[in-house]
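Put chain B on the given structure of chain A with help from the hints.
The lines below spell out each chain.
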Amino acid sequence: MDPLAAKYIGAGIACIGMGGAGAGVGIIFGNYLAAALRNPSAAQGQFGNLIFGFAVTEALGIFSLLIALLLLFAL
Amino acid sequence: MADPIHQFEITKIATLGHIGGHEIAFTNSALYMAITVVGIWALLVGGSASRALVPGRMQSIAEMSYEFVANTIQSTAGKEGMKFFPLVFTLFMFILVANIIGLIPYTFTVTSHIIITAALALLVFLTVIVYGFYKNGLGFFRLFVPSGIPIYILPLIVFIEVLSFLSRPISHSVRLFANMLAGHITLKVFASFITLLGGLGIFGIFGATLPLILVVALTALELLVAFLQAYVFAILTCIYLNDAIHPGH
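Chains as they are written, first to last, in this note's numbering: chain A, 884 to 958; chain B, -5 to 243.
These are computed hints drawn from the structure, not numbers from a lab.
Treat the hints with care, since some could be wrong.
As the list claims (entries may be wrong) - Label pairs and their in silico Cβ distance ranges: (1) B/V152 to A/S924: 20 to 26 Å; (2) A/A925 to B/E74: 23 to 29 Å; (3) B/R45 to A/A906: 46 to 52 Å; (4) B/L206 to A/G902: 26 to 32 Å.
Even for Gly, the Cβ is constructed at its ideal location relative to N, Cα and C.
Chain A extracted, bound-state conformation (with noise of 0.2 Å):
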């Protein structure tokens, strides 16, 4: 196979990852809304740990997005 296209191939392989973090993402605000619905008083106290965990998900498909970036530019 030509190094070149299986570099791109190597690139979008690797932004399947990031489907794990959208929907860890996705688990994290449904759940806040959830529990927010259920207690509203208590879910602007949430609110840093919500976008802590959304932060933290969001790391490990930016590991796999930045693994996608390096193939494509940098390697």
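Frame of chain A, contents of chain B only:
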């Protein structure tokens, strides 16, 4: 189709001199960083000039941004974290204003370059390490040893903790950079659909309204992302600083 990457090109405006064969130039990136800093300066100095008991619009913005960052620090790093208020407030305002200026068409987005975000993230990372060792001495290593873990899985946990600590500057910087880059490329790609469809005649103009509506909606989304990423950067800075202030789990 117009090149969606073109907006991130760094161009030279003026040459300041040469160091070791490398040109030191004043670029459009430096220009927009200067505009960002002048914008924040004008907002905060203008906002605190009158110091009225009942704040006006500018003073309200300045007070709200101060209280927002102060509350974020106190809820994540405690009262002791307030000594890092200048650092966190500077980072938050710089990223927020740079992101929002970048949303104006034909401007340059400073935070869409990894060298800028990596410099900011490494500043936070090194501050955490230096302050952690300054305040706690070797007790800073307690950060990597959570309490209440069975001894036989402790080496694995310590390895994972060290690895996650070292990967912090990477995820911290790439998160901001990737969000800005992807958002602006998406905007430009949808904007190029408008011109492509608009060139197809009368039916094309009807078709072009759909991407036009989408671009307006995406710009609103990007405004949210601009604020959210600045907030995420600030709150992660607070959480990392909290590790340096209270290293025990």
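Structure-based check of all given hints:
1. Between B/V152 and A/S924 the C-beta distance comes to about 40 Å, which lies outside the given range of 20 to 26 Å.
2. Evaluation of the 23 to 29 Å hint for A/A925 and B/E74 yields a pass: the beta carbon distance comes to about 26 Å.
3. Distance hint check for B/R45 and A/A906: the Cβ-Cβ separation is about 50 Å, which falls inside the suggested range of 46 to 52 Å.
4. Separation of B/L206 from A/G902 is about 29 Å and conforms to the stated range, judged on CB atoms against 26 to 32 Å.
Of the numbered hints stated above, the single one contradicted by the structure is hint 1.
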